[in-house]
Amino acid sequence: MKILYIHQYFKTPREPGATRIYFIVQQLLKEGHEVTVITQNKKITASDREEVYLDGINIVYLKNAYSNEMSIPMRIKSFFNFMYKSSFEVFKHKNIDLVIATSTPLSVGLPALLLKKIKGIPFVFEVRDLWPEVPIQMGGLKNPLVKKIAIWFEKTIYKNASHIVALSPGMYDGVIKYVSSDKVSMIPNMAKKEHFWPREKSKDCIKKLQLRESSFKVIHFGTMGIANGLQYFIEAAKIAHDKGIMDVDFILLGEGKAEKTLKLFAESNKLTNVFFYERLAMKETSEVVNVCDISVVPFLNIPILSTNSPNKLFDSLAAGKPIIVNSNGWTKKMVEENRCGAFVDPENPNELFELIMDWKNEPHLLKIMGDNSRKLAETTYDESILTKRFASIINTFNNK
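Residue numbers (the numbering used here): 5 to 404.
FYI, nobody ran anything at the bench for these hints, they're computed from the structure. Just to be clear, a hint being listed does not mean it is correct.
Below 27 Å or equal to it, Euclidean Cα-Cα: the simulated DSSO-like pairs (lysine-lysine) are [unchecked claim]:
1) K261 x K47
2) K187 x K261
3) K47 x K274
4) K15 x K146
5) K151 x K6
6) K261 x K207
7) K207 x K337
8) K96 x K67
9) K337 x K187
10) K81 x K34
11) K34 x K47
12) K120 x K242
13) K15 x K34
14) K207 x K364
15) K207 x K81
16) K96 x K6
17) K274 x K287
18) K146 x K120
19) K337 x K364
20) K89 x K123
21) K211 x K267
22) K34 x K392
23) K120 x K89
24) K121 x K181
25) K163 x K187
26) K264 x K274
27) K159 x K211
Pair ranges (Cβ atoms, derived) [as the list claims (entries may be wrong)]:
28) I249 x S71: 31 to 37 Å
29) K163 x K123: 53 to 59 Å
30) G144 x S185: 28 to 34 Å
31) S206 x Y182: 54 to 60 Å
32) I153 x F280: 34 to 40 Å
33) D101 x Y182: 39 to 45 Å
34) K121 x R53: 21 to 27 Å
Heads up, the beta-carbon is just placed ideally off N, CA and C, and yes, glycines get one too.
Using the sequences plus the hints, can you model the full thing?
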């Protein structure tokens, strides 16, 4: 089939950012499909559109800027700009058999919906976050009329999609409030075990990061957004610093809207145990994660965020790291039932600090949890397993 894949934030492994869609597309190519990805790139200078062929994928970049550091009005402008440009772009492509649109934002569903209404082309919609419920609960969407319109649009997209893929059990439950469960599948984010794996810690990497080889290293990697609740992480670092515990390093790898505030907090409190690094491509990120001892995956204590399916958690599983979560949802159940991590109170950074100290003194327990993480990655969340499951859904449209 000829497939159009609409994803505003598409990234390859050569770039910093989430690569779920890249690996899904690679599986679709292996199964004989022809895939064109429509995405954005703010660096286009010659025109508003650039088309490249990379790793078997035809990629159409539409000029558009987006950053997690943007204000809410600027983000909304970016969403609408991409929606507008992609809605025209999709009609330039001929003989399309299927469209796949992946949120966020929810607005990526409009070009897919237009193609269905005007040309009768079916579409599959992937729910990576429950919009508009996430911005509503986080206080970013307050106007009652806008809320009503956004919820109506969400229902419209779901009802018109031929199939929906949700990334967590909570997202699945959020979708089936509006549509029948027989058209919804749950396929979470995936562990890329060929790219993140446990191995000997690189002394060169530790030296490059200007860390001590003997320190106990705790990492959060990925977006430093408001939703990630990283003040909680850095408060735990402050507790350690104030207690004079200087053999534990707290590492923040990435960027986002909260980054500036976190750096100011660290500087004003003279936290010499906190280290910030800019986001890296997957290969370099894997090296940094590997030299660390624990991965922390925090979020704000907001109910809707407990439905998250964070890439960093699944990459941490693949890397064989013990994981600390503070969302009282399916990730808590995952790490506890599989003995690969633990849950801590999202309102009590002292609990995070105490758990880190406990684990620091129990290397045997860390080894057991790390092994369990890797086993879970290999048997349940491996990228090769989940991309095939996604492709099997797409293949059902082959003879329709």
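Given pair status - K6, K151, alpha carbons within 27 Å: This hinted pair is violated, its Cα atoms lying about 35 Å apart.
Agreement of K89 and K123 with the hint, judged by alpha carbon distance not exceeding 27 Å: Within the cut-off at roughly 18 Å; holds.
Pair hint K47 and K274, alpha-carbon separation not exceeding 27 Å: 37 Å, violated
27 Å limit on alpha-carbon distance, applied to hinted pair K261 and K207: This hinted pair is violated, its Cα atoms lying about 31 Å apart.
Given hint K47 paired with K261 - CA-CA distance at most 27 Å: With a Cα-Cα distance of about 20 Å, the restraint between K261 and K47 holds, given a limit of 27 Å.
Restraint status (C-alpha distance of K163 to K187 at most 27 Å): 10 Å, holds
Hint consistency between K96 and K6 [alpha-carbon to alpha-carbon, up to 27 Å]: 13 Å, holds
Distance restraint between K159 and K211, which requires alpha-carbon spacing of 27 Å or less: Violated: K159 and K211 sit about 52 Å apart, past 27 Å.
Agreement of K264 and K274 with the hint, judged by alpha carbon distance not exceeding 27 Å: 15 Å, holds
Distance restraint between K146 and K120, which requires alpha-carbon spacing of 27 Å or less: Distance ~31 Å between K146 and K120 Cα, so the pair is violated.
Given pair status - K89, K120, alpha carbons within 27 Å: Given pair K120, K89 holds - Cα atoms ~17 Å apart, limit 27 Å.
Cβ separation of K163 and K123, checked against the hinted range 53 to 59 Å: 18 Å, violated
Violated hints for the displayed structure, listed by number in ascending order: 2, 3, 4, 5, 6, 7, 10, 11, 12, 15, 17, 18, 27, 29, 31, 33.
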